[in-house]
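Engineer: Residue 1 is where the sequence shown starts when you use the UniProt record's numbering, and the numbers rise one by one after that.
Read the hints as simulated data drawn from the structure, not as lab findings. Honestly, I wouldn't trust all of these hints.
[Claimed, not checked] In the DSBU-like style, the derived pairs of lysine-lysine whose C-alpha atoms are separated by at most 35 Å in a straight line are: (1) Lys-269 with Lys-282; (2) Lys-260 with Lys-222; (3) Lys-268 with Lys-256; (4) Lys-38 with Lys-269; (5) Lys-192 with Lys-120; (6) Lys-269 with Lys-192; (7) Lys-50 with Lys-40; (8) Lys-268 with Lys-38; (9) Lys-97 with Lys-165; (10) Lys-222 with Lys-307; (11) Lys-272 with Lys-192; (12) Lys-124 with Lys-50; (13) Lys-222 with Lys-256.
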Amino acid sequence: MLDEFRHSHEQPMQLHTCVSRTMGRIISHVLFNRTFSKDKGFDDLLVALKEVTSVLGGKTSIIVGFLFRLKVMFSEEMRAVQKSRDTARRIVNRWIKEEVNNSTPSTSEGYVGVYLQHRKSLMKERDDEGSFTIKRLEANTMNLLLEGTETVSQTVSSMLIELSKHQEVQMALQEELDAVVGRDRLLTWSDKESLPNLYSTIQELYRVASPFLITRFVSNLKETRIDGYLVPRNSLICANLASIHFDPEIYPHPEKFDPKRFLDENGKKINKEGPYPFGLGKRSCIGESLAEMEVFLVIGAILQNFKIIPGRQKGTLNFLSRQ
């Protein structure tokens, strides 16, 4: 990704595709202990995941109840989503089938390989795979790819666009990165505790620049009450993240971009409520830890090497190499 930015010759570039490929390589290595960047299916998968997320994570995501069902039935874009989902599922299932047929010790380090090894052990011990079915593996892998690739890509892209508006914040972050990490190596996850300004800025970016305004829907199997309100069983329930992230009682002057709200007077991290870009509780995003690591490393690596300024066209950025 950094090389692509350098080869852009400081011209405006569409950010999303580049970031998406980087995230795709990371998550495919976590899942399969290898990347598929030379597999034609890899690019097809990225396109399909983008189609799914752009619709379900956009305006359609706030349509609930029978109106959502009508949207699904009669919308061209929803039919396109189903087609893209089927395309992504075929690619993922093909990769898993390759792992099943060609499982070797070298592939057992990824999530899929470890899952298959455990399934094989269960079959050998009791002739029963239990809950470790291939169908569940396919579903889990699909979900992790979607969350770890397209969702994180949209988040990082939105963060960088917002960060391009705050040059003084970038300068402060680059001073911190130069002092702690230097420019001879890329930062690592272990550097996190030594970079409080980067941490606080990412928290503020989660608050103001998250592209997802509501959590995914959940349902209650029985009647319950939330803050005194009766919620009938089988209701659709979600949280409005924007109402939390821009609540002046939680974040004074919420319209102001202020990373220091997450630091004390000595520049140390403080425990503060939110933000909640991944949801909260049992139904929070299962890939939260991985996503946080990806965001931290990608944002940090870009700032180590580039000054980010807005491009002339909407959605484009210029990456100016730091001298």
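Engineer: With reference to the structure, classify each hint as holding or not holding.
Structural biologist: Against the structure, the hints come out as follows:
1. This hinted pair checks out: Lys-269 and Lys-282 have alpha carbons roughly 25 Å apart, not beyond 35 Å.
2. With a C-alpha separation of about 43 Å, the suggested pair Lys-260 and Lys-222 falls outside the 35 Å cut-off, and the hint is violated.
3. Straight-line distance between C-alpha atoms of Lys-268 and Lys-256 comes to about 20 Å, which keeps the hinted pair within the 35 Å bound.
4. Restraint check for Lys-38 and Lys-269: not satisfied, since their Cα atoms lie roughly 42 Å apart, outside the 35 Å limit.
5. At most 35 Å may separate the alpha-carbon atoms for a hinted pair to count; Lys-192 and Lys-120 exceed this at roughly 38 Å.
6. Restraint check for Lys-269 and Lys-192: satisfied, since their Cα atoms lie roughly 11 Å apart, inside the 35 Å limit.
7. With a C-alpha separation of about 16 Å, the suggested pair Lys-50 and Lys-40 falls inside the 35 Å cut-off, and the hint holds.
8. For the proposed pair Lys-268 and Lys-38, the alpha carbon gap of about 44 Å is over 35 Å, so the pair is violated.
9. Between Lys-97 and Lys-165 the CA atoms are separated by roughly 46 Å; this puts the pair beyond 35 Å, and the hint is violated.
10. With a CA separation close to 53 Å, the supplied pair Lys-222 and Lys-307 exceeds the 35 Å bound.
11. A hinted pair counts as satisfied when its Cα atoms are at most 35 Å apart, and Lys-272 with Lys-192 qualifies at roughly 17 Å.
12. A hinted pair counts as satisfied when its Cα atoms are at most 35 Å apart, and Lys-124 with Lys-50 does not qualify at roughly 40 Å.
13. A threshold of 35 Å between alpha carbons decides the hint, and for Lys-222 with Lys-256 the separation of about 41 Å lies outside it, so the pair is violated.
In summary, the numbered hints that this structure violates are 2, 4, 5, 8, 9, 10, 12, 13.
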